[in-house]
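> Now for the letters of each chain:
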Amino acid sequence: MAVPRAEMRKKFTKEKVPLRQFLLGYGGFDFPFLVAVTILLCVGLVMMFSASYVFAARHFGDPYHFIRQQALWAVVGFAIMLIVSKVNPDILRRFGLPIIVLVVAVGLLVIALVTGTGGFRRWITIPGVIQFQPSEVAKVAIIWFFAYAMEKYQKPGYAPVRQTSLVPGKRFHNWFGRWWSSFMYFIVLALVAGLVFAGDHVSGAIIIAGIGFMMIFIGEQRIPLLAYAIPAVGAVGAVAAVFNNPNILPDHAAARIISFLDPASDPTGGNWQIRQSLYAVGSGGWFGQGWGRSIQKHLYLPEPQNDFVFAIVAEELGFIGAILIVALFVFLVWRGFVIALRTKDRFYSLFVLGIVLQVGLQTALNIAVVTGMVPNTGIPLPFFSYGGTALVVLMAQMGIVLGISRTSSEQKLREVFFSGRRRKAKALQSAPT
Amino acid sequence: MTRKRRTPQSTRFRQRALVVLVLLIFVGFGMGATGLVRVQLIRGAEFSARAQANQLHDTEVPPQRGTIYDSQLRPIAESAAASLVFINPNLLNQAVNRDEIVQTIADDLAPILNITPEHVHRQASFTHLNHMRLQGRVDDETMQLVNEFRRRELIVQEKTNDPAFADQGGVRNVRTTFGRYVQVQPDVVRFYRWGSMGGSLIGFTGADDVGRSGLELLHNQALTGLPGRIVSARSAAGVNLPIHYSSIYDPQPGNSLVLTIDEVAQRFLERSLEQARIDAVADAANGIVMCVRTGAILAMASVPSFDPNNHQRIADEALRARIMAIPDEEERRAAYNHAMMAQWRNGAIELTYEPGSVFKVMTFAAALEEGVVNMNTTFHCNGAIQIANRRMHCHNRNGHGSLTLAQGFMNSCNPFTIHMGQLLGSDVFYDYFEAFGFTEPTGIDLPGEFRPRVGVNIHSRENTRIVELASTSFGQSFEASPIQILTAVSAIANGGRLMQPFVVAQEIDHAGRIVRETQPVVRRQVVSEQTAALVSYMMEQTVIDGTGRNAYVAGARVAGKTGTSQKLGAGEGYVASFAAFAPADNPQFAILIAIDNPQGGIISGGQLAAPVAAEVLESLMVYKNIEMRYTETERQALGGSTPNLVQMTPEAARAQLQQAGFRVEIIGQGEQVLHQIPAPRQNIPAGGLVVLYTDNTVAQRMVTVPDLTGLTITQAQQAATAAGLNIRLTGNFNSHQLRTNRQSIPAGTQARMGENITVHFVTSFGVVDRTID
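In the order they appear, the protein sequences are chains A and B. The letter at position 403 of the first sequence is residue 403 when you use my numbering, and the numbering goes up by one with no holes. The letter at position 280 of the second sequence is residue 280 when you use my numbering, and the numbering goes up by one with no holes.
Read the hints as simulated data drawn from the structure, not as lab findings. C-beta: ideal position from N, C-alpha, C; glycine also. Any given hint could be a false lead.
Between beta-carbon pairs, the in silico distance windows are [stated by the list, open to error]: (1) A:82 - B:61: 53 to 63 Å; (2) A:228 - B:166: 38 to 48 Å; (3) B:177 - A:79: 16 to 26 Å; (4) B:61 - A:240: 52 to 62 Å; (5) A:191 - B:166: 26 to 36 Å.
Quick look at which bits of chain B chain A covers, simulated, 3 or more residues with Cβ under 8 Å [said to hold, decoys possible]: (6) 29 to 35; (7) 46 to 56.
Required output: the full structure, derived from the provided sequences and hints.
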């Protein structure tokens, strides 16, 4: 008895989904992505330990000071990743709006609360519990919200404003709605990036802006291509302005730009770190000094466990090792794109794209800094740099990607089952390979 | 099986995503990859080199400096490993609580290192430097205390940019030890066992272990060896990394020197010289003892010397006190430096003076060799001789009267010598002047040897005209160094063969293999053996019954020549000298004593230098087991040898001694002689006293030594006998006006009854070869 395909689909979508299935979904992970994440996490931990133990022993009297915490966070993060990956990503859709509201609210709160203390305001400390960087959460929030909004308002006319009598005529309403729905992204992006920037976290703001623009470029297709010239020109102009007069930036960022532009200006100050980083990378040569045999980590390179961990990686593993790790990151990004393009859902797709773009952008910028190609931005290297918040958030993001990756295989499976190609599917399933 | 993959997204979406992906990978990651290629591959060597310049520290491990041994392989100068303690003021300056740390170092470490706390503060004030020396040459014992201090823990407050410490004012507490600031590196210390003995000969090393004077300077390269190196990587805190990059190149120890110098001979010479210098109230006294056959130097001394262990201190206490009394700071410093440099000088090879009468040995030898005179030649000295338009006086203004050749020599007659010079003619004379080595350095292996310069120290051949010939022939109007004169005199002793003197016999490596051995070098045959023998005879006669009679040593057959000369160019002052060798018939040792600027009223070499030479030669011959051959009168003066009486009954002992002509004193009521004074086989004069002890419980009988100086022989004998001592007489008894000038046990001290006291006699009769003008 043949059932019409449309009816079948209708029946399927209306079908009551059991709670367990709703929560955990169907299908399996994208295995290569999981492998890439696991390898990067392990290599990152090992290299972070190698880079950090001298500094830790010297300054904390305990060589395992950093690795102990980082390993704990890695275990927690891995567990969170697995849990998140089991969660039905459909749930995520519901938090797209609340999270951005929360982040903006908390951001404003932080600025208001700690404005008086001066200096760095990147950290929020909940005494005795945790110290975390709001900018990490802000990145996720932007990706989340953009993915959510770009799916919801993808069609013209789906403007996030109510039709009111104030708006004369449907034509105008459509026009306004379309433009408003496009500009809204820039406004939200500017708000969040601005909050992070105000928190004295210039690099975080740059990353957020970068991710935001890229997501708008991919997901919001109603803006004419030419319009992207405006932020592009703006970015170039900003870079030119900053290079011309770095003092328009907060002090610590300005100092980094100055030392990048004039390496001889302050060899023991702002330039010390980048110079020691170049010495480390340069010492690596083709094959490196061997694992654990870096010399630059012996207090020459300050805080080698943080943003400059890759310098030690390059010193110990050499060009070959460094390029292999870069290749792993490229693989992760590429695999993320594959996952994104396989999903049927626009939200999923954009969410995954945003996450891997964030990882890719941070990695690319970090390595460029370490090798002296761009000014010191203070961007950590995902999976490698020391930092609990960043690692846990990153692993949760990886969990989301994995969770979403399951939906494509689930969808594939369902399609195969319900498109009258059952036999083919059966044959597919029972095929030896 | 291929299947067209269906994607839900619009084509545009996918296109744009791909654009972003490609941009991210090629631009984003491409930038990093380009950076890696640029930094690691293209400029890798450059960055690596700059990194290593920061990281690698090349520590030089000083090699063990070779030892200097005397001829019997007794060490003279030795090196031992030590440590150098330094601080890192730069690192200290980075601590917030710097002053507190420095204060602790000044309080607790300075006393250990024997430095003042102010020194610590001063060194710590060089905050731009990483290495300021606190103390070098620290021995292991002190280092244990230093290391204890270095292990002490402290909390350092460090400035940091780490935001985690922002709420503590950017200051972080670091627990560390003092070893972080007080560091140690290997050092060596050179130890001179002889102290001030032979100071100017051995020389010394500077703080950098490099030879600065004497043998240490000349043989610095051989002694130094090759330094080892430790190339190691260090952390930015200056701590050696536990692993990697440690290449160690072992240092190669320096070679050792075996000298011809004999410690015992050196001690004899130096002791006698020091006494002579004090007695003569002289500025300095120089002496050399040389092995006649080889030219090897047995002893070489220049007093006052200095202690190479503390070479900056003026060793002459009187001079030091005089300099310290100078009120003006600058003047005092200049005087101190001058005196310091002066004491480092080795007078035996650097002092220059007119040889005076000692040179007559050469003139007589030349004249005999050339046949212008023979032993039967006579000369009448009337106190002066007319040369060209100048009248040259004899030291005996009244004239010696008629003299044979030997008498002329023994009395050091100037006109006779001048006459001989004139007979030789300046050309022939100058040949001998050259041949005896007065126009060149001797080539001794010591630094700074006097190098005669024509027109400055000596006349040129062309300028040696009749007047210059006359003055040169009796040792005036030119300068020579003690080593030159001794070498020339010992050529006479050595059958006319002029030797090249040397002090380093062997150079041996650290395993004891001989690297280099000095072979005696005969520079030339200056005169024939017959001539040399004739001159030797005249020199021996000089000691027996001439101006050198104070150098007489019974049984030693000393041959010598006195000299008293005015210093040329140095304004005023005399040098009293005496050159001698012994035994005359088979010469072993040649000796030269030169006493510089005696101010005690006596200036003649026969009075000042000859007794010193005698004393040294006698000690040497006993030490070297050269057989003494006594004449009958000498044997009588020597008395008899004491028999061994231990374990004999007192009666038998008494009988044996009385038969031998000795007096006996038995102390104690024992059955057996337990010990005797003097010990067996000692020479005591006839009628001398032997004290026998038969009871161990009885204390030894002590007597007070009387002052025997300035006495005649008879007076001295009476005084000694009265005091209960045996007297041994030395000196020349063929002379008149003998007076004791030395006694072996100082007056006023306690001595065991019956002990031998040696008393040396000198004469002031017929020993003067120059009068003070």
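> Would you mind marking each hint as holding or not holding in the structure?
So, going through the hints one by one against the coordinates:
Checking the proposed 53 to 63 Å range against residue 82 (chain A) and residue 61 (chain B) shows it holds: the Cβ atoms sit about 58 Å from each other. For the pair residue 228 (chain A) and residue 166 (chain B), the beta carbons lie near 40 Å from each other, so the given range of 38 to 48 Å is met. The hinted window of 16 to 26 Å between residue 177 (chain B) and residue 79 (chain A) is violated, with their beta carbons roughly 42 Å apart. Checked against the hint of 52 to 62 Å, the C-beta distance between residue 61 (chain B) and residue 240 (chain A) comes to roughly 57 Å, which is consistent with it.
The beta-carbon spacing between residue 191 (chain A) and residue 166 (chain B), approximately 28 Å, falls within the hinted interval of 26 to 36 Å. For the stretch 29 to 35 of chain B, the stated coverage by chain A holds: 6 residues have a C-beta nearer than 8 Å to a C-beta of that chain, and at least 3 were required. For the stretch 46 to 56 of chain B, the stated coverage by chain A holds: 8 residues have a C-beta nearer than 8 Å to a C-beta of that chain, and at least 3 were required.
Checked against the numbered hints listed earlier, the structure breaks hint 3 alone; every other hint is satisfied.
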